[in-house]
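K.L.:
Below, each chain spelled out in residue letters.
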Amino acid sequence: MVKIIVNGVQREVQAPDDTPLLYVLRNDLQLSGPQFGCGLAQCGACSVLVEGKEVRSCVTLVSTVANQEITTLEGLPARWAKLKGLSPDQAKDILHPVQQAWIAEQTPLCGFCQSGMMIVATELLESNPNPTVAQIKGAFTTSGPSPHLCRCGSYTAIIDAVKHAAVIMARGGK
Amino acid sequence: MAIANEAQLSVYRATLSRRQFVKSGGALVVGVAFVGPSLLKAQGFQAPKVTGAPFKNSLDPTQLSSWIEIHPDNTVLIRTGKSDFGQGSTFTAYRQIVADELSVSFEAITTVVAGHTDQTPDGSGAFDFLGRGTPNIRKAAAYTYQALLDLASERLKVPKDQLTAKDGVFSGGGKSIAYGDLVKDQQLKLTIPVSGDLTGIMGLTVEGNPPMKPVSAYTVIGKSHPNSIITSKVTAKETWATDIRLPGMLHGRMVHPKTLGSTLVSVGQLDKSKFPNSQVVVKGNLVGVVAPTEWEAIQASQQVASATKWTDWKGLPGNEKLYDSLRKEADWTTAPVMKSDANKGDVPAALASARKKFSATYHFPFMKHAPIGPTIAVADVKPDGAVHIHTHNQNPQALRGEIATMLGTTPDHVIVHTHPGAGHYGRSNGGNSGAEDDAVILSQAVGKPVRVQWMRAEDLQWSTQSPAAFADVEFALDEKGRIAGYQIDHYMPAFQDDRPIGAILAGLPTMPAPGGGGSGFTSSTANFLGDPWSYDLVPNVAERGHGTFQVGQKASPLAVGLRDHSMRTPGQYQQNYPRELAFSEAAALAGADPIQFRIDHAKEERLINVLKQVRDASGWSTRPSPSSGAKFVGSTPVRGRGVSAMFRSGTHWACVCEIAVTPSTGAIAVEKYTIAVDPGIVVNPAQLKRQVEGGAMMGISHALYEEAMFDESGITSRDWNTYPIAKMTDTPEIKVVLINNPKVGSYGGGSEAANALAAPAIAAALHDATGKVLRRLPLKRAYVQALLKS
Chain P
51 MVKIIVNGVQ REVQAPDDTP LLYVLRNDLQ LSGPQFGCGL AQCGACSVLV
101 EGKEVRSCVT LVSTVANQEI TTLEGLPARW AKLKGLSPDQ AKDILHPVQQ
151 AWIAEQTPLC GFCQSGMMIV ATELLESNPN PTVAQIKGAF TTSGPSPHLC
201 RCGSYTAIID AVKHAAVIMA RGGK
Chain D
19 MAIANEAQLS VYRATLSRRQ FVKSGGALVV GVAFVGPSLL KAQGFQAPKV
69 TGAPFKNSLD PTQLSSWIEI HPDNTVLIRT GKSDFGQGST FTAYRQIVAD
119 ELSVSFEAIT TVVAGHTDQT PDGSGAFDFL GRGTPNIRKA AAYTYQALLD
169 LASERLKVPK DQLTAKDGVF SGGGKSIAYG DLVKDQQLKL TIPVSGDLTG
219 IMGLTVEGNP PMKPVSAYTV IGKSHPNSII TSKVTAKETW ATDIRLPGML
269 HGRMVHPKTL GSTLVSVGQL DKSKFPNSQV VVKGNLVGVV APTEWEAIQA
319 SQQVASATKW TDWKGLPGNE KLYDSLRKEA DWTTAPVMKS DANKGDVPAA
369 LASARKKFSA TYHFPFMKHA PIGPTIAVAD VKPDGAVHIH THNQNPQALR
419 GEIATMLGTT PDHVIVHTHP GAGHYGRSNG GNSGAEDDAV ILSQAVGKPV
469 RVQWMRAEDL QWSTQSPAAF ADVEFALDEK GRIAGYQIDH YMPAFQDDRP
519 IGAILAGLPT MPAPGGGGSG FTSSTANFLG DPWSYDLVPN VAERGHGTFQ
569 VGQKASPLAV GLRDHSMRTP GQYQQNYPRE LAFSEAAALA GADPIQFRID
619 HAKEERLINV LKQVRDASGW STRPSPSSGA KFVGSTPVRG RGVSAMFRSG
669 THWACVCEIA VTPSTGAIAV EKYTIAVDPG IVVNPAQLKR QVEGGAMMGI
719 SHALYEEAMF DESGITSRDW NTYPIAKMTD TPEIKVVLIN NPKVGSYGGG
769 SEAANALAAP AIAAALHDAT GKVLRRLPLK RAYVQALLKS
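Chains P and D supply the protein sequences, listed in that same order. Numbering of the first sequence is given in our numbering, commencing with residue 51 and proceeding in unit increments. Numbering of the second sequence is given in our numbering, commencing with residue 19 and proceeding in unit increments.
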């Protein structure tokens with residue numbers, strides 16, 4: 051049995067220690083954000099934050115993240131609420147600025163890779179609140195074990211959304 | 019139920035029937051009346067009569083079935099067989115089109131039903147959403163409006179021509195009534211005529227000619243209404259196909275053969291000590307493993323695979339010999355030679371007498387559709403023979419027919435639910451995406467619901483691909499530098515193999531392989547001409563299409579080989595690339611600017627306009643290629659630009675690519691990409707812009723990187739390193755020029771074409787920058803480097 055903290059809640063999972071985190075999140079905890087794209091850490095569809103750092107959950111064994119804080123797409127609103135010190139009531143209906151921007155810019159096409167893309171965007175903006183286009187391209191291409199791949203070609207829309215999210219964050223989330 | 023009266027009313031070719039004074043509720047529902055006996059003809063299934071028994075598990079053609087429902091609370095529901103694969107049209111354009119035809123607000127259309135074979139009427143695939151201006155849903159809405167108008171006129175006692183409609187309310191003669199009040203406490207059924215084949219690739223088509231709203235009356239079309247499914251995906255509220263879990267469901271993984279022609283020698287023994295809950299299923303050459311958890315299924319299938327023995331097979335030419343083998347060994351004589359409608363004049367005479375002559379061959383590789391997530395399906399084969407399939411499939415009704423054929427049953431036993439998932443770009447538009455038939459076979463074997471997801475390597479190695487092609491071009495210039503004669507011979511293997519691979523491996527019935535006697539254009543080996551000729555002022559033109567069987571199919575004991583499937587801009591891509599690159603070469607030979615050269619050979623005003631718009635928007639300087647600074651040596655990047663154009667689905671396109679190429683490495687960077695698109699009426703500008711950007715980026719990916727690698731036994735591209743696609747750092751500055759052209763009177767398609775425009779434009783830009791032409795895709799480093807050293 052492994053204890054992990056997912057989106058702020060401690061969970062005990064029965065899956066064997068060598069189970070990749072992705073299958074635990076999807077099947078044991080029934081989260082739909084991270085997706086199976088390649089199982090090889092080559093695409094980023096499965097990305098989650100572990101202690102604020104993007105990891106590929108498809109190659110991360112669940113036992114290696116025991117007792118660590120994991121954030122999936124589902125946990126982005128609460129992550130923002132915590133960062134801004136909002137009360138549970140204030141936090142009820144909010145979305146993370148990254149999600150707001152992804153909707154405002156109508157970014158996803160098929161959307162299968164976009165959970166991973168929003169995870170990278172969150173990681174980037176938490177450390178660099180006003181990235182240049184070159185820094186955005188770098189974050190999505192060279193910061194992890196592989197580039198984050200979008201087969202539909204939404205890269206321009208992602209760049210637009212990251213810039214937009216930076217503006218929303220600078221305004222305090224509105 | 020008290021029925022005060024029944025009445026029937028003819029609305030163009032539709033029939034409105036009514037029962038008044040139902041106890042509560044009421045609605046106007048739009049159903050279908052089938053014309054002709056062709057429904058389900060492919061599977062030999064008897065068409066239901068309009069007055070006969072309902073077709074089980076389909077929308078009932080006589081009682082309920084629905085395209086559109088008008089509810090007493092003034093809300094509207096629409097149903098479509100076309101499911102969303104990222105185009106967004108069902109949630110934006112379809113609502114906008116229906117809203118304008120019905121004169122209701124966008125927001126009044128509260129429900130869009132799509133993707134379920136038992137809840138949607140028309141079948142067909144997730145392509146050509148705008149139906150060259152008249153998608154089924156538009157006609158259904160037009161009929162509905164006429165029925166509502168009749169009802170309002172009768173109720174208000176005001177002649178129809180004195181009534182106007184706005185926001186779901188008819189007004190005239192000092193009176194008004196809301197649509198909801200017209201339908202309240204009544205059962206109203208509008209039966210509209212349709213024809214076609216529900217489980218065929220094109221599905222059903224709404225017939226008749228109801229009056230349509232004039233373009234000048236549009237108030238919803240033309241606005242950038244947001245796509246509702248984007249919100250549910252971004253907020254993790256969507257149920258994806260990957261999220262479907264049925265009670266008692268097992269996870270399945272396949273053990274695919276060693277090669278595309280291997281047969282099973284012996285199945286590996288499952289290590290029960292490690293995988294106590296797993297089970298191996300074998301049927302013919304199909305091997306699968308099921309387990310209660312996904313991780314056990316993956317590990318157990320890998321263990322079984324390592325111990326399973328297959329025969330060897332070497333029946334493919336391999337990448338290096340592909341084009342040689344295609345030209346010299348393929349059978350190009352069985353399929354009829356296709357000839358273009360644009361053919362005219364005497365090309366041989368023009369070639370013989372002209373001043374400058376040119377001939378060249380252009381090569382187009384196999385490409386993978388390469389969805390970012392592999393194929394996935396959950397199947398539940400019930401003891402009574404009912405089959406439920408949850409999947410992500412571009413043509414669920416066609417899949418239904420294929421599964422029925424495989425099981426030797428009729429489509430009414432099969433229900434398909436398609437849920438959101440990774441884009442397929444045409445791979446499943448003929449009905450199966452890979453995992454569905456596997457899941458059905460495994461579920462039937464173990465008597466439980468089974469979820470099958472392929473691994474990354476399987477999705478690249480066992481799926482279909484976009485067919486390779488080559489084209490021979492000859493043209494001649496006259497003394498004024500104009501094209502005197504042009505001919506092109508296109509060669510391409512069959513482009514659409516819709517046989518489910520699991521059924522083939524299991525030895526179960528499928529439709530025939532392409533060229534094997536099946537009916538319909540997708541069963542043919544003919545190479546149809548799909549790239550409408552754009553240069554009307556060329557006096558002598560000959561375009562021919564030559565088709566053949568799929569590579570390796572006949573040699574494979576499994577009849578598999580390199581199975582092909584249409585991919586975004588199918589066929590036209592393979593034909594437009596050589597044509598447009600050759601046109602840029604013709605301009606260079608004539609010493610002319612390549613955009614002006616195209617304009618000088620065109621008559622169509624919309625084409626000329628997109629060329630001028632893309633020229634202006636890109637800051638193009640008029641001059642011939644290659645550029646005066648062209649260089650093919652050195653480690654300093656040299657720059658060039660190229661152009662391409664296309665007409666597809668009622669839409670004119672032109673693009674300009676500006677590149678930097680480093681001769682010493684062969685690396686090409688696309689720095690700026692400008693594209694002009696005239697679809698006629700722009701339905702949703704923001705959505706169209708995103709579609710075009712995505713298509714442009716996919717095209718850059720195709721042009722720079724993509725080639726399915728294979729050896730003599732099978733596909734060797736197995737992951738994103740061996741099948742690289744574009745990454746964010748490959749993104750140029752993309753400029754999209756949308757040309758709203760209402761006088762065209764209809765709306766064209768925006769999700770295809772853009773992906774095909776980059777390759778000929780980048781190839782022309784390489785010529786502009788270096789003076790050398792690479793007549794082969796992709797324009798990857800090794801090929802460019804070799805060209806520049808030659």
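None of these hints come from the bench; they were simulated from the model. Incorrect hints may have been included.
Said to hold, decoys possible - Here are the simulated lysine to any residue pairs, SDA-like style, with alpha carbons at most 25 Å apart:
no., chain 1, residue 1, chain 2, residue 2
1, D, Lys357, D, Gly535
2, D, Lys690, P, Gln60
3, D, Lys753, P, Ile209
4, D, Lys255, P, Gln60
5, D, Lys292, P, Ala116
6, P, Lys103, D, Gly535
7, P, Lys213, D, Lys292
8, D, Lys745, P, Gln60
9, D, Lys241, P, Ile209
10, D, Lys753, P, Val217
11, D, Lys255, P, Pro181
To be verified - Partner residues aside, some chain D positions facing chain P, computed with beta carbon under 8 Å:
no., residue
12, Ala132
13, Gln137
14, Gly240
15, Ser246
16, Lys251
17, Glu256
18, Pro389
19, Ile390
20, Gly391
21, Gly439
22, Gln462
23, Ala463
24, Gly465
25, Arg474
26, Pro703
27, Ser719
Unchecked claim - Heads up, incomplete: computed chain D residues facing chain P, CB under 10 Å, no partners named:
no., residue
28, Trp313
29, Leu340
30, Ile752
The structure displayed is predicted, hence computed values, not measured ones. Heads up, the beta-carbon is just placed ideally off N, CA and C, and yes, glycines get one too.
K.L.:
Now tell me if each hint is right for this structure.
P.N.:
Structure-based check of all given hints:
1. This hinted pair checks out: D/Lys357 and D/Gly535 have alpha carbons roughly 22 Å apart, not beyond 25 Å.
2. As the CA atoms of D/Lys690 and P/Gln60 are separated by approximately 48 Å, the hinted pair breaks the 25 Å bound.
3. Straight-line distance between C-alpha atoms of D/Lys753 and P/Ile209 comes to about 14 Å, which keeps the hinted pair within the 25 Å bound.
4. Of the pairs offered as hints, the one joining D/Lys255 and P/Gln60 holds, with about 22 Å between alpha carbons and a cut-off of 25 Å not exceeded.
5. At roughly 24 Å between alpha-carbon atoms, D/Lys292 and P/Ala116 fall within 25 Å of each other, so this suggested pair holds.
6. A hinted pair counts as satisfied when its Cα atoms are at most 25 Å apart, and P/Lys103 with D/Gly535 does not qualify at roughly 57 Å.
7. A threshold of 25 Å between alpha carbons decides the hint, and for P/Lys213 with D/Lys292 the separation of about 50 Å lies outside it, so the pair is violated.
8. The hinted pair formed by D/Lys745 and P/Gln60 fails the criterion: a straight-line CA distance of about 36 Å is larger than 25 Å.
9. Of the supplied pair hints, the one linking D/Lys241 and P/Ile209 holds, its CA atoms being roughly 23 Å apart against a limit of 25 Å.
10. Restraint check: the Cα-Cα separation between D/Lys753 and P/Val217 comes to about 23 Å, which is no more than 25 Å; the hinted pair holds.
11. This hinted pair does not check out: D/Lys255 and P/Pro181 have alpha carbons roughly 29 Å apart, beyond 25 Å.
12. Because the closest C-beta pair between D/Ala132 and chain P is about 15 Å apart, greater than 8 Å, the hint is violated.
13. At its closest, the beta carbon of D/Gln137 sits 22 Å from a beta carbon of chain P; the interface hint therefore is violated under the 8 Å criterion.
14. Violation of the interface hint for D/Gly240 is found here, the shortest Cβ-Cβ separation to chain P being roughly 16 Å, above the 8 Å cut-off.
15. At a threshold of 8 Å, the smallest CB-CB gap from D/Ser246 to chain P is about 10 Å, leaving the interface hint violated.
16. Because the beta carbon of D/Lys251 sits about 4 Å from the nearest beta carbon in chain P, less than 8 Å, this interface hint is met.
17. Using the Cβ-Cβ criterion of 8 Å, the hint placing D/Glu256 at the interface with chain P is satisfied: the shortest such distance is roughly 7 Å.
18. Interface restraint check for D/Pro389: the shortest CB-CB distance to chain P comes to about 6 Å, inside 8 Å, so the restraint holds.
19. Using the Cβ-Cβ criterion of 8 Å, the hint placing D/Ile390 at the interface with chain P is satisfied: the shortest such distance is roughly 4 Å.
20. With 8 Å as the threshold, the beta carbon of D/Gly391 comes within range of chain P, its nearest partner Cβ sitting at about 5 Å, so the hint holds.
21. At a threshold of 8 Å, the smallest CB-CB gap from D/Gly439 to chain P is about 6 Å, leaving the interface hint in force.
22. For D/Gln462, the interface hint is violated, since its Cβ never comes within 8 Å of a Cβ in chain P; the closest pair sits about 23 Å apart.
23. The closest approach between the C-beta of D/Ala463 and any C-beta of chain P is roughly 22 Å, which is over the 8 Å cut-off, so the hint fails.
24. About 22 Å separates the beta-carbon of D/Gly465 from the nearest beta-carbon of chain P, more than 8 Å, and the hint is not met.
25. A cut of 8 Å between beta carbons decides the hint on D/Arg474: the least distance to chain P is about 4 Å, and the hint holds.
26. The interface hint given for D/Pro703 is broken, as the beta carbon of that residue sits about 11 Å from the closest beta carbon of chain P, more than 8 Å.
27. Among the interface hints, the one on D/Ser719 holds; its C-beta lies about 7 Å from the nearest C-beta in chain P, closer than the 8 Å criterion.
28. A least Cβ separation of about 5 Å between D/Trp313 and chain P falls short of the 10 Å threshold, and the interface hint therefore holds.
29. Of the supplied interface hints, the one on D/Leu340 is violated, with its beta-carbon coming no nearer than about 24 Å to a beta-carbon of chain P, more than 10 Å.
30. For D/Ile752, the interface hint holds, the least distance from its beta-carbon to any beta-carbon of chain P being 5 Å, beneath 10 Å.
Hint compliance for this structure: hints 2, 6, 7, 8, 11, 12, 13, 14, 15, 22, 23, 24, 26 and 29 are not met, and every other hint is.
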